[in-house]
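Colleague: Letter by letter, the chains look like this.
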Amino acid sequence: MTDLPPPSPSAVRQPGWRLAQQADAPFIYELVTQVDPRWWRFSRAGLEPSRLLATAGTIAAGVIVHDALQRPMACGVLADAGASGTGTMEYFARPTPEAEELARQFAPDLVIAAFSGAPIRRLYLERFDGDPRLFGDLEDEFEVEVRYPSYAMIGGVLEGRTVSVLTHERFAAWREARS
Amino acid sequence: MITTSRIVFRPVLPSDYPRLYEIESDPETALTWRYRGELPPLDAYEPALWQQTQQIMVVAGRQSGAVVGYLQLHDLDLRAGHAWFSLYSGPEHRGSGLVMEGLMAFCEWAFGEWPIRWLYAHSFEHNVGAFESGLRRGEAVRLGVLRDRMLVDGELTDVHVIGIERESWMQSPLRRRFNTLRHRLER
Numbered sequence: 018m019t020d021l022p023p024p025s026p027s028a029v030r031q032p033g034w035r036l037a038q039q040a041d042a043p044f045i046y047e048l049v050t051q052v053d054p055r056w057w058r059f060s061r062a063g064l065e066p067s068r069l070l071a072t073a074g075t076i077a078a079g080v081i082v083h084d085a086l087q088r089p090m091a092c093g094v095l096a097d098a099g100a101s102g103t104g105t106m107e108y109f110a111r112p113t114p115e116a117e118e119l120a121r122q123f124a125p126d127l128v129i130a131a132f133s134g135a136p137i138r139r140l141y142l143e144r145f146d147g148d149p150r151l152f153g154d155l156e157d158e159f160e161v162e163v164r165y166p167s168y169a170m171i172g173g174v175l176e177g178r179t180v181s182v183l184t185h186e187r188f189a190a191w192r193e194a195r196s
Numbered sequence: 061m062i063t064t065s066r067i068v069f070r071p072v073l074p075s076d077y078p079r080l081y082e083i084e085s086d087p088e089t090a091l092t093w094r095y096r097g098e099l100p101p102l103d104a105y106e107p108a109l110w111q112q113t114q115q116i117m118v119v120a121g122r123q124s125g126a127v128v129g130y131l132q133l134h135d136l137d138l139r140a141g142h143a144w145f146s147l148y149s150g151p152e153h154r155g156s157g158l159v160m161e162g163l164m165a166f167c168e169w170a171f172g173e174w175p176i177r178w179l180y181a182h183s184f185e186h187n188v189g190a191f192e193s194g195l196r197r198g199e200a201v202r203l204g205v206l207r208d209r210m211l212v213d214g215e216l217t218d219v220h221v222i223g224i225e226r227e228s229w230m231q232s233p234l235r236r237r238f239n240t241l242r243h244r245l246e247r
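Residue numbers (my numbering), protein chains in the order written: chain P, 18 to 196; chain V, 61 to 247.
None of these hints come from the bench; they were simulated from the model.
Just so you know, even glycine gets a beta-carbon here, dropped at the ideal spot from N, CA and C.
It is possible that some hints are incorrect.
So, partial list: chain P residues that the calculated Cβ filter (under 10 Å) puts toward chain V [stated by the list, open to error]:
1) W57
2) A100
3) S101
4) T103
5) F132
6) M170
Make the full structure from the sequences, and use the hints.
Modeller: Put into structure tokens, the structure is as follows:
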């Protein structure tokens with residue numbers, strides 16, 4: 018009996034992220050239903066599939082975070098990227114501790130991708146007060162600019178919603194401090 | 061329709077479109093409004109005007125009948141119970157208070173006829189003065205300021221987010237006074 022050689026690094030499956038594709042639509046739909054109504058862009062008008070697909074078509078770019086088995090765990094999108102050099106990041110994970118932890122692990126990579134993939138000077142994050150914190154300690158770098166009290170009913174309670182911003186400069190300083 | 065001593069607040073008619081187009085074409089403010097200076101031609105104006113819009117109400121002078129401005133209810137979100145509004149004034153009527161009187165009629169109409177808890181508006185830094193008295197009196201609240209949010213005529217400008225809550229409007233002395241005066245007029 019001979020020993021098997023160890024697997025080459027490229028053969029070892031790792032968690033990671035990749036660009037979203039058309040084939041990810043069923044996962045995104047499932048994710049929206051799992052966190053409903055927190056992904057407000059999709060949930061605000063209900064979950065009729067064709068409407069949801071039409072909304073997905075308006076998004077500039079998306080990424081999928083996957084686990085070691087390549088199963089999709091979270092999705093991030095860059096929306097409303099426009100001529101004013103701003104964009105809105107929306108990021109949701111399956112509502113499990115494992116998926117949320119993976120999302121937190123890769124959040125900085127996604128923010129780097131957002132700032133480097135588009136000419137963005139201010140990256141907005143809109144969230145309900147009860148949304149899970151998927152950006153980890155990076156979330157503290159987002160500064161709240163708008164606060165909507167009692168924005169929408171979630172689980173029988175009116176939750177507030179905030180709009181926060183991360184500037185390119187503030188993100189660069191955060192990266193510098195970590196390197 | 062709501063009538064006061066100075067204005068008539070009523071739904072828009074297709075015959076009003078050329079006047080609305082004229083208001084939006086004003087070069088002083090065309091860049092700051094939603095078309096960012098790229099106003100569609102008149103024959104393509106109607107679908108652009110109604111995009112994401114539930115209703116448009118015009119403010120006309122009571123004596124003249126001339127449209128002095130208009131208000132737009134848009135991005136209605138029934139699941140959350142809120143909607144956005146935009147307010148447009150003809151350049152020759154800015155500062156007259158006619159369109160702000162129209163805003164009172166708009167609040168009365170919107171909260172009276174739509175199941176919404178909040179009305180929101182975006183206002184550029186240089187226009188936000190129009191809301192200051194409402195902010196001081198408490199009918200409106202400033203929910204925040206998006207710093208350097210928009211590029212207007214090559215310069216970055218702040219965008220204020222203004223909110224009017226149903227309960228605040230319903231209980232406001234301004235509303236009582238507004239309705240007392242208009243009901244007196246109806247008698």
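Colleague: Are the hints correct? Go through all of them and say.
Modeller: Structure-based check of all given hints:
At a threshold of 10 Å, the smallest CB-CB gap from P/W57 to chain V is about 8 Å, leaving the interface hint in force. Below 10 Å, beta-carbon pairs count as interface contacts, and P/A100 has one with chain V at about 6 Å; its hint therefore holds. Nearest Cβ of chain V to the Cβ of P/S101: about 5 Å, under the 10 Å cut. The hint holds. Contact between P/T103 and chain V, as hinted, is supported at the beta carbon level, the nearest pair being about 7 Å apart and thus within 10 Å.
Proximity of P/F132 to chain V is violated relative to the hint, the smallest CB-CB distance being about 16 Å (cut-off 10 Å). A least Cβ separation of about 8 Å between P/M170 and chain V falls short of the 10 Å threshold, and the interface hint therefore holds.
Violation of the numbered hints given earlier is confined to hint 5; every other hint is satisfied by the structure.
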